[in-house]
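Protein chains: 2
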Amino acid sequence: MEILIKNIDVIYSANQEMINNGYIIIKDKLITEVGSGYHEDQEHNKYDQVIDGRGKIALPGLVNCHTHAGMTLLRGYADDLPLNKWLNDKIWPYEAGLNSDDIYWGTMLAIIEMIRTGTTLFADMYFSMDLVAKAVQESGIRAVLSTGLIEANDGRKGLIESLEFSRKWMGGADGRITTMLGPHAPYTCSEGYLREIIDLSNEHNLPVNIHLAETKGEYAEIEKEYGLSPVKYLNNIGLFSRPVVAAHCVYLDDEDIDIMASNQVGVVYNPASNMKLGSGIAPICKMIDKDIKVGIGSDGVSSNNNLDLIEEARLGSYLQKVDKLNPTVMDVHSLLKMLTLSGSRVLQLGDNLGIIAQGNLADIILVNISNNSFYYPHHNNLSNLFYAGSGRDVDTVIINGKIVMNKKNILTIDVEKIYYEVERIIKEK
Amino acid sequence: MEILIKNIDVIYSANQEMINNGYIIIKDKLITEVGSGYHEDQEHNKYDQVIDGRGKIALPGLVNCHTHAGMTLLRGYADDLPLNKWLNDKIWPYEAGLNSDDIYWGTMLAIIEMIRTGTTLFADMYFSMDLVAKAVQESGIRAVLSTGLIEANDGRKGLIESLEFSRKWMGGADGRITTMLGPHAPYTCSEGYLREIIDLSNEHNLPVNIHLAETKGEYAEIEKEYGLSPVKYLNNIGLFSRPVVAAHCVYLDDEDIDIMASNQVGVVYNPASNMKLGSGIAPICKMIDKDIKVGIGSDGVSSNNNLDLIEEARLGSYLQKVDKLNPTVMDVHSLLKMLTLSGSRVLQLGDNLGIIAQGNLADIILVNISNNSFYYPHHNNLSNLFYAGSGRDVDTVIINGKIVMNKKNILTIDVEKIYYEVERIIKEK
Chain Y
1 MEILIKNIDV IYSANQEMIN NGYIIIKDKL ITEVGSGYHE DQEHNKYDQV
51 IDGRGKIALP GLVNCHTHAG MTLLRGYADD LPLNKWLNDK IWPYEAGLNS
101 DDIYWGTMLA IIEMIRTGTT LFADMYFSMD LVAKAVQESG IRAVLSTGLI
151 EANDGRKGLI ESLEFSRKWM GGADGRITTM LGPHAPYTCS EGYLREIIDL
201 SNEHNLPVNI HLAETKGEYA EIEKEYGLSP VKYLNNIGLF SRPVVAAHCV
251 YLDDEDIDIM ASNQVGVVYN PASNMKLGSG IAPICKMIDK DIKVGIGSDG
301 VSSNNNLDLI EEARLGSYLQ KVDKLNPTVM DVHSLLKMLT LSGSRVLQLG
351 DNLGIIAQGN LADIILVNIS NNSFYYPHHN NLSNLFYAGS GRDVDTVIIN
401 GKIVMNKKNI LTIDVEKIYY EVERIIKEK
Chain H
1 MEILIKNIDV IYSANQEMIN NGYIIIKDKL ITEVGSGYHE DQEHNKYDQV
51 IDGRGKIALP GLVNCHTHAG MTLLRGYADD LPLNKWLNDK IWPYEAGLNS
101 DDIYWGTMLA IIEMIRTGTT LFADMYFSMD LVAKAVQESG IRAVLSTGLI
151 EANDGRKGLI ESLEFSRKWM GGADGRITTM LGPHAPYTCS EGYLREIIDL
201 SNEHNLPVNI HLAETKGEYA EIEKEYGLSP VKYLNNIGLF SRPVVAAHCV
251 YLDDEDIDIM ASNQVGVVYN PASNMKLGSG IAPICKMIDK DIKVGIGSDG
301 VSSNNNLDLI EEARLGSYLQ KVDKLNPTVM DVHSLLKMLT LSGSRVLQLG
351 DNLGIIAQGN LADIILVNIS NNSFYYPHHN NLSNLFYAGS GRDVDTVIIN
401 GKIVMNKKNI LTIDVEKIYY EVERIIKEK
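Top to bottom, those sequences are chains Y and H.
Using UniProt numbering, the letters of the first sequence map in sequence onto residues 1 to 429.
Using UniProt numbering, the letters of the second sequence map in sequence onto residues 1 to 429.
Note that these hints are calculated values from the structure, not bench results.
Treat the hints with care, since some could be wrong.
The list that follows gives simulated cross-link-like pairs (lysine-lysine, DSS-like), each with its CA atoms no further than 27 Å apart [as the list claims (entries may be wrong)]:
hint	chain 1	residue 1	chain 2	residue 2
1	H	Lys-85	Y	Lys-324
2	H	Lys-286	Y	Lys-324
3	H	Lys-324	Y	Lys-224
4	Y	Lys-408	H	Lys-85
5	H	Lys-324	Y	Lys-85
6	Y	Lys-324	H	Lys-407
7	Y	Lys-417	H	Lys-216
8	H	Lys-286	Y	Lys-216
9	Y	Lys-402	Y	Lys-168
10	H	Lys-408	Y	Lys-324
11	H	Lys-402	Y	Lys-90
12	Y	Lys-417	H	Lys-324
13	H	Lys-216	Y	Lys-85
14	Y	Lys-286	H	Lys-216
Values in this document were obtained by computation on a predicted structure and should not be read as measured data.
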């Protein structure tokens with residue numbers, strides 16, 4: 001399978017390096033050539049597919065570093081509530097009533113929205129992960145999957161199932177799936193349980209995905225129990241000797257940030273969720289200054305309430321600007337980097353993703369900047385995308401060298417069937 | 001002209017009161033009937049136009065209480081810069097090179113985006129307002145217009161032109177245009193100039209539209225000059241004896257808020273601009289608690305960078321929630337109210353707008369909630385709109401009883417021509 005994208009402006013790296021009116025050639029899973037001007041072999045019959053990029057810009061596919069896709073079933077179910085009431089009276093009871101099939105359909109609904117808005121890779125932590133992996137396999141998206149482990153619910157059985165899941169799915173779906181261990185949080189897993197997970201992570205060479213220092217309440221609880229901040233506590237028990245993805249990271253002091261930096265912990269910024277749940281403002285600018293890898297996550301849509309990463313990045317930028325009373329922080333450059341290359345690095349997938357370069361995996365999106373008021377005037381189309389546009393402006397999505405969405409039509413999913421099944425599930429609850 | 005909207009779920013008031021599967025009848029400019037079920041006269045041939053509302057919800061048209069529409073020409077021109085550099089080195093020099101024709105095309109571009117995203121009424125403060133009024137007249141939108149008066153630039157001539165503009169346009173465009181006086185801000189107009197404007201406001205019965213307490217810098221400057229906070233200073237010189245629309249209102253103390261409340265000053269919350277420019281967080285929850293009328297504004301798109309009020313409201317809610325560390329503040333109910341009824345009241349247009357009720361002006365939008373992932377599942381479609389959706393989901397826009405947009409097609413504007421002219425202007429600068 002060989003694809004030519006011609007007449008296309010390519011923003012190929014997270015440094016905003018750009019080719020005007022160039023081309024991209026994709027063969028099988030990989031990008032084989034990126035260049036400017038007209039390619040000499042640019043006849044239609046040489047390629048299985050030719051995409052005309054006029055009026056569009058190409059970017060690396062976007063990376064959602066933290067979500068709970070199946071929670072899409074709970075969108076709009078419980079808004080504007082206090083956090084404990086939201087979780088204890090609404091979210092957890094509702095989730096307890098969901099079966100594996102429900103999770104499959106909810107995940108498919110999330111994947112529709114992610115593909116539509118340009119996400120080509122997402123990190124998921126939830127349950128019934130076998131069905132999540134099935135949805136990933138069928139839909140053509142790329143994912144890093146972990147079972148969320150809450151000790152009281154999952155215990156030893158959860159650990160065994162997590163390892164089985166990894167054995168089954170690591171490298172699966174044509175290389176699109178990798179796996180991690182997913183202890184939910186320091187306040188839902190005991191020190192002993194976390195130590196077991198650290199050992200398993202070592203033994204089976206699996207990174208760890210965890211929620212960390214999300215709320216004031218969590219900070220107080222951990223400090224009371226262990227006499228340390230959540231970060232220092234996890235560092236003490238050795239978690240950061242392993243590759244770790246830490247979501248939220250709202251409540252960190254300077255020492256905590258230094259610990260994260262020196263241990264190369266990957267951090268996920270979840271601005272919408274942190275704002276909507278009233279959690280707080282993560283010290284992201286400080287972390288970036290210390291060269292910590294920072295990606296962006298949507299969190300689940302019950303606390304977001306959508307999966308549009310362009311909007312998420314904009315929100316994240318505006319939040320830092322107002323927090324610092326400084327409009328220069330978290331500029332377009334840093335947003336592009338967080339959503340592409342840094343995202344891939346945070347998820348332990350390195351530099352083979354996040355840059356449109358020869359030899360890299362072909363995860364590419366085309367954004368429509370023509371006949372769309374949000375992109376006029378064309379002073380700066382990348383700024384227009386991040387500060388005025390939307391993930392909805394994505395027109396074409398290529399993942400692992402396959403065209404997954406073309407002219408806004410998702411080719412891999414029966415979208416109406418998913419809407420139908422989601423409505424059926426909600427009616428039956 | 002008589003229009004029937006049938007099979008429609010109507011969210012008719014800012015209290016979220018709702019009719020399921022009802023109808024709306026519009027005759028000339030007014031709503032003549034709103035009811036549930038099937039209307040007995042529901043034959044197609046009785047009405048000039050019948051709209052089938054299945055899969056949609058109807059809401060009152062949205063109100064943008066503060067913008068500078070012509071600034072759409074500067075979208076993406078100067079982002080991520082310090083405030084003084086942004087204004088002095090970029091925005092003001094660029095604006096100085098704009099002529100009246102440019103403002104007309106820039107305003108038209110803004111109106112395209114406003115109509116597309118469900119705004120039926122906007123308050124504009126800019127220059128070349130005759131051309132802005134022309135754009136409003138042609139496009140079918142409703143507007144409250146004021147020339148922005150900067151004393152050093154506009155002086156006495158600006159006052160005379162403002163009055164001429166009001167004489168010409170107050171009540172114009174079939175009643176869709178009203179006017180105000182627009183002193184730019186307490187730091188760009190002297191006490192004497194403001195006192196003249198207050199007198200003219202009295203004499204000609206015109207409300208006043210002003211920027212107020214937007215930045216720390218402004219606060220310090222006014223306090224240094226007059227020994228008072230901006231609000232107390234304006235109160236002292238008698239501005240609040242007049243009907244006033246005050247944009248931004250970021251830096252207010254409790255006493256200031258009491259002054260605003262007792263004088264029934266209308267406040268405009270501009271969250272995107274306040275965040276993107278690093279201005280600060282307005283104490284909106286406190287103001288609402290004191291029964292101050294609060295509407296929402298986009299500000300100009302060079303500091304936003306779009307005109308989507310749904311996104312603006314969401315941003316405003318999330319910002320208050322994280323500022324208060326409280327997810328219950330500024331809920332969906334208050335967002336709906338700020339964007340509809342309160343917006344109309346802030347702009348001195350009373351309760352004839354902002355509620356879908358018999359006898360009210362027919363400004364109505366239909367939002368498409370079908371075959372659109374952001375609205376699944378349908379636990380709560382109003383929450384889905386405000387927390388997951390976008391102004392882009394608006395399908396139909398009716399203003400002053402006329403269908404201005406139908407199935408996403410704007411009927412009153414040659415959209416491609418506007419894009420062409422905007423591109424031409426930018427190339428010529």
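Hint check, failures only: Failing hints, ascending: 4, 6, 7, 10, 11, 12, 13.
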